[in-house]
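Q: Residue-level listing of the chains:
2 protein chains.
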Amino acid sequence: MPTSPVWGSRLKTRGVVLDLIRAARTISRVELAASSGLTPPTISEAVRDLMTDGLVVEAGRGASTGGKPPTLLQLNPNARYSVGVQLERNACVIVIVDLAGRQVARTSFRGTAQMPPQQALPFLATHVNGLLDAAAVDRDRVLGVGLVSYGPQDRHAGLLLTPQPTDEWFDYPVAPRLAEILGMPVVLDNDAAAAAIGEYWIGTVDPRSTYGCIYMATGIGGGVVVAGEVYRGSSSNSVEIGHISIDVHGDECPCGNRGCLENYAGPAAVVRQALDTPGLADQLVLDPAGTDFLSEFARIAAAANAGNADARHLIEQSARYLGCAAVTITSLFDLDLIVLAGPSFAVAGSIYQTLIQQEVDRRTFARRAHPVRVVPSVSGSDAAAVGGAVLVLQSELTVGHAHAEDGMLPVRITSAGSTSSTRSPRDQRSIPE
Amino acid sequence: MPTSPVWGSRLKTRGVVLDLIRAARTISRVELAASSGLTPPTISEAVRDLMTDGLVVEAGRGASTGGKPPTLLQLNPNARYSVGVQLERNACVIVIVDLAGRQVARTSFRGTAQMPPQQALPFLATHVNGLLDAAAVDRDRVLGVGLVSYGPQDRHAGLLLTPQPTDEWFDYPVAPRLAEILGMPVVLDNDAAAAAIGEYWIGTVDPRSTYGCIYMATGIGGGVVVAGEVYRGSSSNSVEIGHISIDVHGDECPCGNRGCLENYAGPAAVVRQALDTPGLADQLVLDPAGTDFLSEFARIAAAANAGNADARHLIEQSARYLGCAAVTITSLFDLDLIVLAGPSFAVAGSIYQTLIQQEVDRRTFARRAHPVRVVPSVSGSDAAAVGGAVLVLQSELTVGHAHAEDGMLPVRITSAGSTSSTRSPRDQRSIPE
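One line per chain: the protein sequences are R and D, in this order.
Sequential numbering of the first sequence, starting at 1, is according to this note's numbering.
Sequential numbering of the second sequence, starting at 1, is according to this note's numbering.
Just to be clear, a hint being listed does not mean it is correct.
In this list, chains with the same sequence are indistinguishable; a pair is considered to hold if it fits within one copy or across any two.
[To be verified] In silico DMTMM-like pairs for lysine to aspartate or glutamate, Cα to Cα no more than 25 Å straight-line:
hint	residue 1	residue 2
1	K68	E58
2	K68	D140
3	K12	E31
4	K12	E45
5	K68	D361
6	K12	D133
Keep in mind the hints are simulated off the structure, nothing from the lab.
The model shown is predicted, which means the values in this text are computed figures rather than measured ones.
One chain only, chain R, in its complex shape (with noise of 0.2 Å):
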């Protein structure tokens, strides 16, 4: 049996009227009713309930039309904020943003290394704590933490499925774990497919687009976002662009592929091919027992940028490679914009978006169908953690909201630590989706 479609519910009529003010800017009554299908009695029922809680406020009239100016409505975008939190190995980023998806606070530092989860939890929750303190954010406004980081995960139950980077972590609690410390609710999600949410919540992205994000932080991934919302699959591990084989006959990864994209064109690739270029690694201090990825891939990226023709070949041997798995993602997706995100492409990105732009406009199979754009992120290196905030934002306000009560807004997500002691075993089960 298909899922219970729940047709006419008040809650998901709120939903679609608050995003479609969102994405409106400012909206009138009759402008929403026209956009949504919806009758002008729901919509004014849906407004009076979003204006009750204080998340929508009138903003002014707009242009007659012939009789009197409507009202316009649009978000109180201090109504409510989230957080997103970036867990990475070499960088972190924590965020907070409004109901608009606006920037209030941002901080990064160095990643959490080879910290267990133990360690890395308690440090990331000092650091959110700090954040909201300096931001002065009321905590009773704040939906929530969105948890990004690579996969595979299992994102139900708030979890890692990877011994990356140290044994620890594998099947860890981490979004429970940081919930509790916290004493917000956290959600966990892939930190390429938060970027790619993020870019549409917060971007000039169409809201029509079939649009690809791909992520380059340490390692790739990638996000795919059809119509405003995340492809997620059968367990929310999809778009895992850095582990596809770009040469069948190519080395083992770790991950059990072969000639997997990111051990070619990732940034421990090509700090790797960069030791081995003779005189490189002197010219440009590289360690040689280094493990900071992103550190020396910034330098070999910054020395490509000023000129330097061995570093510039290597980014540009990098960026072909991203181009064979672009190409990839775009005929398997019939993508029509591919948005490159995160640290590793905020250091060299007209190289990269330059080179993808070219592989996608000449080896596409459906590139006689319609163009596709390959475009930076407008939040760069920040894209995952704003994206992780956005996330929340998204499901705690526009969808996903069949198990709440009707007409009421959950401000508190459940708990997702009370899903994991009743998993059954690893190798029965299936992840719903």
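Given the coordinates of chain R, assemble chain D onto it according to the supplied hints.
A: Same frame as chain R, now just chain D:
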């Protein structure tokens, strides 16, 4: 602005109810209400409409749960029919299916080879008319024809965006022209997408599954189905798995990409490899100048099944290459099932199934999150044609009725021809989906 949701539309309700009855085979009104989330009066009204139109009939009584045993409902399979036509160079299949998706007539014949469309379409129409006459199907009950073929396509205009097999095919309005000859609506779609949705409609796929179909005839295509609907992307040119690169350093393909899967694993590639294997060509009587790769490939597959070591090596090698691409689509779409469909899998199914399953189990990124099964299509060689017919049923009966009159079941689709003359220039337009 997002597309208008048509909340509570009477027609959409009918579609939901009809699809629930189809999926359940027999179901009571009470069970329909429970499954759909719709109120009992809404269900009663929708069922009354469907019975008036002859689409649904009563089918005795179910088991009592205390009170009066409930009346069961089922589809009236003879109420409507649709036709599926698979257009292929080396093998064409035409099927007629009833409302329940059951095949009521079938014919197959050698493909359209190098015929130009001006010759191929009347040829196909003659076969369609002959099959309808032979099966004595009332044309007033035929919803339309699903014409399925390879991509890229402009699905809305009903034309192919490829000069395969001859230049005349590029941009030729195949669907409008066939509609004109047959005097009935014709929709064009991708053969692999059709095969995928056909599996859902008539097969044993879990409706919540996110699954992929790899379709191998002369070429290799793919389709993904999410919760019972084909994943479309921005222009319905998605999942072109035959033209993703499995070797970034591989040879250029006529499609513009390099290292394409089809050139390693497809029937023509296997035939070429067999011709290069000393002695094998003579042994299997392969024609070095032949173009009917399907039959030649079938001879190699038969030899592999019969224990010929050289032939088996080639089929296994093809299966490993396909396994690499299967891992790619699984890690990108996060699939829980892969269906192998089409004539070229039908001749060596167990070798392909075993080896692709091995690769997926070993190399898929999220294999710790859930298992991924690889299975043969229930429709085998006919999967695309059956799927073409099913797509007509699905689009006419359950979804995509936003423009139809509320409460009216459209028995005739708007001719696809009307959109052809109003297209904007190829390089400027985007195809809405």
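Q: Compare the structure with the hints numbered earlier in the document and write down the numbers of the violated ones, lowest to highest.
A: Result: hints 2, 5 and 6 break, sorted rising.
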